[in-house]
Each structure stands twice: as structure tokens, then as C-alpha cells.
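First to last, the protein sequences are chains A and B. Under the working numbering, the first sequence has 185 at position 185, and the numbering climbs by one with no breaks. Counting from 1 along the second sequence, just add 1000 to a position and that's the residue number in the working numbering.
No lab work stands behind these hints: they were computed from the structure. Bear in mind that the values here come from a model prediction, so they are computed numbers and not experimental data. In this text, a Cβ means the ideal position worked out from N, Cα and C, and glycines have one as well. Any given hint could be a false lead.
Stated by the list, open to error - If the Cβ cut is set under 8 Å, some of the chain B residues that face chain A in the computed set are:
#1 Ile1149
#2 Leu1153
#3 Asp1182
#4 Ile1185
#5 Ile1187
#6 Pro1188
#7 Ile1199
#8 Ile1200
#9 Ala1272
#10 Leu1276
#11 Ala1280
#12 Pro1290
#13 Leu1325
Said to hold, decoys possible - Chain B residues, not near chain A, derived (Cβ > 12 Å throughout):
#14 Val1041
#15 Leu1049
#16 Val1184
#17 Glu1227
#18 Gly1261
#19 Leu1277
#20 Ser1282
#21 Asp1292
#22 Pro1310
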Amino acid sequence: MLAFIVRRLFVSIWVFLAASVVIFFLAVNVRDPLSEARQLPGPAQESAMAEITERMHLDEPTIVRYFLWLADVLTGDLGVNRQGQDVNAMLEGAFTATLQLVTGATVLAIVVGITIGVVSALRQYTALDQTVTFVAFICFSLPVFWIGTLLKQFLALDFNDWLADPTISPVFIGGIALLTGMACASIILGDRRTRLISFAASAAAMATLLAVLSATEWFTDPGLGPFVVALSAAAGAIGFTTLVRGLEWQRPLQAALMTAGVGVVAMFALDPVLDDPDVLTIGGLAVLTAAVSAGIGWYWGGDLYRQAAIPSAVLTGLFTGAVIFTDRMLMNFDNYSASVGGRPISTVGAETPNYEGTFWESGLDSFGHLALPTLALVLLSLASYTRYTRASMLEVMNQDYVRTARAKGLSERAVVTRHVLRNGLIPITTLVAYDIGAILGGAVVTEQVFGWSAMGSLLFTGIEQGDPMPIMAFFLVTGGAVVVFNMLADIAYAFVDPRIRLS
Amino acid sequence: MTQNPPASAPEKGPAKDPAKDPATAGARPPGAADAAQGMAVVARSQGQLVRRRFLRHRGALAGMLLLFFVVALAVTSIGAGPLPGWWDKDPTTTGNVVGNGDPTLSVLPDLLGGGGVHLGEHPFGQDNIGRDYFALTMRGTQVSLLIAIIVGLVATLVGTVIGAAAGYFRGWIEAVLMRVTDVVIAIPTLLIAGLIGVIIADKGVVLFALFLGLVAWTQIARLVRGEVLSLREKEFVEAARSVGTSSRRIIFKHILPNTVGIIIVAATLTIASAVLLESALSFVGLGVQPPDTSLGRLITEYRSALTVRPWLFYWPGLFIVAIALSVNFIGDGLRDAFDPRQTRVRD
Chain A
1 MLAFIVRRLF VSIWVFLAAS VVIFFLAVNV RDPLSEARQL PGPAQESAMA EITERMHLDE
61 PTIVRYFLWL ADVLTGDLGV NRQGQDVNAM LEGAFTATLQ LVTGATVLAI VVGITIGVVS
121 ALRQYTALDQ TVTFVAFICF SLPVFWIGTL LKQFLALDFN DWLADPTISP VFIGGIALLT
181 GMACASIILG DRRTRLISFA ASAAAMATLL AVLSATEWFT DPGLGPFVVA LSAAAGAIGF
241 TTLVRGLEWQ RPLQAALMTA GVGVVAMFAL DPVLDDPDVL TIGGLAVLTA AVSAGIGWYW
301 GGDLYRQAAI PSAVLTGLFT GAVIFTDRML MNFDNYSASV GGRPISTVGA ETPNYEGTFW
361 ESGLDSFGHL ALPTLALVLL SLASYTRYTR ASMLEVMNQD YVRTARAKGL SERAVVTRHV
421 LRNGLIPITT LVAYDIGAIL GGAVVTEQVF GWSAMGSLLF TGIEQGDPMP IMAFFLVTGG
481 AVVVFNMLAD IAYAFVDPRI RLS
Chain B
1001 MTQNPPASAP EKGPAKDPAK DPATAGARPP GAADAAQGMA VVARSQGQLV RRRFLRHRGA
1061 LAGMLLLFFV VALAVTSIGA GPLPGWWDKD PTTTGNVVGN GDPTLSVLPD LLGGGGVHLG
1121 EHPFGQDNIG RDYFALTMRG TQVSLLIAII VGLVATLVGT VIGAAAGYFR GWIEAVLMRV
1181 TDVVIAIPTL LIAGLIGVII ADKGVVLFAL FLGLVAWTQI ARLVRGEVLS LREKEFVEAA
1241 RSVGTSSRRI IFKHILPNTV GIIIVAATLT IASAVLLESA LSFVGLGVQP PDTSLGRLIT
1301 EYRSALTVRP WLFYWPGLFI VAIALSVNFI GDGLRDAFDP RQTRVRD
């Protein structure tokens, strides 16, 4: 295994160097960097051209310029652009912005995509499955800049307008309720009666919820309140325990419910801390939550149920924390909304310029700016995760060992989570790794649509000005990510599948 | 206990009924009573099986129809090259903007309160200098389709040759070819395509498409190599080799025909992504350059018109989605059609 990793690492370095040569030779020829200087009148032209030539080493052959660049890069210096600005500083800003944009989108796309894929595989050939397939194909076929512009126009502008008078029309309520009911009815398995009941119940619940929210003008001053938080925490406890171990045994469920209770109590106890925390406090609280939950699971699970109680308690704990976090965010919404003139969903840039606020308010500010580009990115990558997960799950579900597992009387939950899911997700991990590598370079168009000054603008100004240094900086990060994550995917795969190592 | 139907279970829907299925109706032997009970076994060639499975895929059929419609519309309306089209307006002629340039297309009949079914003078409206937007969109569709098809062909050809050579010959040839593939993969597509797009900006769309094809072949090469790696160990290849068949003949006559399924599927999907790649490049100004136009360019040009003349923004986007969607559905149908595990024992 070690020999394989070393060999793979060695190959990756050479591949990356070769790719950098190709890009460098293209980048120096992309446009004439002196074209603007040539326009200058009189003696200014001479000096400007001489200055740029000196700065960009235009008097050297390309191959020499490449090695000059390479030598600098190896010492961590990315050079200066045509105007003499430090590319390191430019890259740092651009990279932070892009990372901020793609992290949430990727995580969301993976979680939601895999979940939808699993559900649609488990309900193969139902209306739900067909709908998911169709929607996935549409998402595959969307040009990102087109859908991004449409989102800006309709979602952001119209949503902001709607917030001024947040009442939901009865037609809209009816439509949403109908869709919810249909989705619930197709997930539930059972005879016609069960499905009808679940359809009616979920549709009615949704309609009531929306009507109440609309009547109380909840959207101008949203919030969950302790009761809803407690309810969600309890529901989370039951849900996660069902997933992890099923509800046949008492101890894991009790541990999860206890964790949820501790979480709700902690919400009140930590009230002063949560008024205006910083990122470190939140991170610390998350770690603390995980530790405490694990402790509860370990203690209450006892020797027999520890293995199931710890994960269900930890998942419940983190989920409760997330709900409390959301509640806090929502509570600050009216303040934030008022401070940006009642238009919380922004269509341009990464943040409101010169915005100062509490942790929650600046959090909402980032969220308002991230919402649309994230949605656009998620729509695009969601489709491939859904399709691959579905295909992979179906493949595994037809294996003999799954039939064996059913035949020996395992519950459907155990068959799905232990036997199908575990094996079905192996190919997905490779896909995820490839995708993360590609997404840094793939988000540039989305950034352009939403006016983010990030990796994309680094690249496009570089090309515009015939300036190889920013282009190479772009390549270092995006190409580097592709190479590193492809390597990790190969190593991960070799780890899982020994046949790869030996070839 | 809940059970999921196995993949081989017959699909519900109209295609299940053999009498209504045109593909089955002709091929049915006289013993219809046996067939009705699902006992008859009809011998069919691989090609027939693939065609039958493809024609049963409703999504793929719908995709075929949609794509055929788009292609026929784009080619015949404003004509291609020397051939004249039936649409009397030209994408480049400017004119008076009639009534704010609103689209005159109407599909709602009088009965339903619409303006009746007619095309009108400018079905897709006019842009701000009075050019007929239907003709412009058709021109853009032609260019986008042309680019996508060239990219698909070049990428498939290069990918197949490289993948087959790497998989068949192994050794240093494979090492070199696969490292080259890795190098191309390491470069983000938008980066290299954008650089090439700018460098050859004034050389026309065909050359641009050729170069795009030269960066889009990696996926196909990897797929073909994987397939060839397993095929070259099969007995029929060994038999061919033992009677002294040349390597070239083994690759082209014995191995590649067996990989044709995955190649066709991959080629289709490459075409779909090429449509999107071209439009994205044109959007950021690195793709098709004026005076040429493409669907991506049209969207970019009229992006700011979304609030005043939204139709200038919708039509090209709808055509991109229509092309990519139909090609994707065809690809999905082909994938199912070429997958031998999809074989249904009965009917």
C-alpha cells in the first residue's frame, strides 16, 4: 500500500508539472500584454513598454520565463501581475471567496443528492422515482448562467418584494400542500388507503402551517421558539435512532432523547453566550456538544447498546445544536432585514460593503449573498449525485448477499442501511472526490453571474490582459485541487479494492 | 416486509402491452397463443435487441423527437450554407422595431381566450436594432449544434483511439497515453478551453470546435481503455491472435465492435456537455466571437434586456435546454439499450 501511495504521488507531481508547462505556454500567447502600452503617446509609450517588459520578462524566451516562474513558485512566490500587484495577495482573496462559495454548495449537494438518490432507488419505478429522474435530467441540461440570471430575477427580486407584505396566496398554499402530500404518499409504502391517509394528513399539515405562518406575518419576524426547537430535537432523536438502530431497543432511543433534552436545557443556560458569539465559540460548542452526546450514549448505552447509542446520541446532539443555531439566526432576521432596506437576498457580490453587525447579523448577510449562487451550484451538481447514487444502489440491491440478508429475516432498515447503503456508497466516495477537485475550477461561471470577485475574475482579467501570472495562480489552485483529489480518490479506491494496488 | 421489484421486472405502462407495441407487433411469430402466455422465444440479433430496448425507452423516444424537431427547425428555417430556407427574414438585417419588438408568436387558440394560433411577423420578437429574433436564434442554434457535433466526433475519435491503444498494447504505450490523459484531466476544462478560444478567436467556429474536441476526450479514453482491458483477455481475442491476426485488425474488427455501446453513450453525453460548455465559454466572452453568433452569445448579449425585453433572454436559453435535455435522454436510452443486463426474458 505504501509503495502504491508513493508511486501515485510521484506520478501526480509529474502530471501536474507537465500540465503547468502546457498552460504556461498557452497563457503567454493568449494576448499581447503590451497592447495598451502601445496606445500611449510619445515617450510615455517607450517607458511603459520597457517597464512591462522588464516586469514580465518579455525579453526572455518562454521556456526561460517558465523556469523563472517555477523557481519562484517553489519558494512560495507567485510573482506580480502586469500592473505590478502581488499575485499572492490577489489569489488569497479570490481563493477565500471561492472556497466560501463552493463549500456550502458542495456539502449541500452531496447530502441532498445522495438522500434523494437513495430514496428514489428504494422506490424504483414509482411516480416519485420518475419525477426525480426527470428533474435530474433537466438539471443536467441547464446552462448555469441562464438559470443564475433567472434566479436573480425571479427568486431574489420577487422574494424581496414579497417580504414587504409576506402573505401567501391561497392558490400557492394549495399547490405546495398538494405537492407535499404527493411526495409523502409516494414515499410511504402500503395499500391505497395508507397512501391516501398519508397524502391527506401531510397536505393538511402543510396547508395549516403555511396558513398560520401567513396569517401571523411570521416571515417579517421569524423564529422557531423553544417549543418548536424541543419538538424538532425530539423528532430528530427518534429519526436518527431509527436510522442507526431501529426502535426495537429502548436504550439507544433513550440516550438520544436525553441528548435532545440536554440540548434544549443548554439553549436556555447558554442564552447570554449566544447573544453575540464568535466563530470560535460556536466551533467550541459544536465540539462540546459532540463530546457530551457521546458521553451520554456511552454511559446510557451500557456494554450492550453502546455501539448504537453513541452515534444516535451524537447525531441527535449535533442536530439539536443546528436547530438552535437556526433559531438564533431567524431571531435576528428582522434586525438584519431592516438594516439592508428590507432586501435580505442579495444578487451581487459576497457581502454588503462595510456591513457591521453581530455574529448573527453578519451570518445572515453572508447567507443572503450565498443563497442564490449556492442554489445555482447545487441544482447543477445535485443531478449527478442523485443519478449515480440511484444507479449504484440499484446495482447493490440486486446482489445475492442482499437477498440473503432479507432471507435470514433482517428488517428492511437493517438491510438497507447495513448491507445496501454501505456497499452502494463506495463508488460515490470516488465520485465525490473527483467532483470536489473539479468544482473549484467549475464555479467560475457562477461567480461571474453573481458578480463575485473570486477565482473567476482572477482568470478572466488575466486572460483579458495577456497576463500569465494570475492565470498560472488560477491553475495552481484549481488544477492542483483536481490532481490532489484524483490522487486521493485513487488511493481511497485502492484501499477499498486490493485489485487496483497490484496492477 | 417491504420489497422492491427487481430491475428485470417488466415496466408498467403502455409499452408492456405487446399488441400496442410496434416493435413487437411485426416480429411476432404465428403462435400468438403461446406468445400471449409469454412462452414463445424469438431469436433476435444483438442489433434488434438494442433497437427494441431503445424504442421502448419513452424518454429516449421523446428526446429523439424533440431533437429532430430542433434540428429540422434550425436547418430548414433560415437555410444552411447555399440552401435557402422557408423563413423570409435574415439574422443580420436590421429594421424598424415594431411595437417594442414583442414576440408575435401565439399558440393559444381563440376559444381559450388567446390570440389564435399563428406565427406572425416576428414570432420570437425583435432585438433593439430590429433584427428578427427567430432568425437570430435559429442561426445561434445552427452554430451551437455544429460545435457540439464536431466536439462529439473529435472527442470520440481521439478518445477511442487513445483508449483502445492504451488498453490493448499495455506496457510503455499505455503508460505514456494514460499519463497524457492525466495531464489533460488535470487542467480545468474552462481554463484550457478559454485560453484556446481566445488564441484562435478570429479563426472561426469550426476550428474552435475542433480544439474543444481535443480537450474533451479524456472521459471516453478512460472508459474505452477499461473496456478494452477486459476484452483483450477474452478467448475470442486469444483465438484471433493465435491464427496470426494483426494487432490493428484485432483492435478494429474484434475489440472495438464490442465496445461500441459505451462509446456511443459516451459520445452522446459529450455532445450534451459540449452544448453547455460552448454556451458557458461564450457567456464569459471566451467562446464564439462576433460576427459569428451562438446560443450562449445571444444570452450574453441580451442579458441586461431581461427586464425590458425578456424574450431576448428566454428563447436561446430554452433552445440550449431543449438540445441538452433531448441529447441526455437519448444517451440514457442508449445506455439502457446497450446494457445486456436489461434483457427481459419474456416477450
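Hints versus structure:
no., hint, verdict
1, Ile1149, "violated (17 Å)"
2, Leu1153, "violated (21 Å)"
3, Asp1182, "holds (4 Å)"
4, Ile1185, "holds (7 Å)"
5, Ile1187, "holds (5 Å)"
6, Pro1188, "holds (3 Å)"
7, Ile1199, "holds (6 Å)"
8, Ile1200, "violated (11 Å)"
9, Ala1272, "holds (7 Å)"
10, Leu1276, "holds (6 Å)"
11, Ala1280, "holds (5 Å)"
12, Pro1290, "violated (17 Å)"
13, Leu1325, "holds (4 Å)"
14, Val1041, "holds (23 Å)"
15, Leu1049, "holds (20 Å)"
16, Val1184, "violated (8 Å)"
17, Glu1227, "holds (16 Å)"
18, Gly1261, "holds (16 Å)"
19, Leu1277, "violated (10 Å)"
20, Ser1282, "violated (10 Å)"
21, Asp1292, "holds (18 Å)"
22, Pro1310, "violated (8 Å)"
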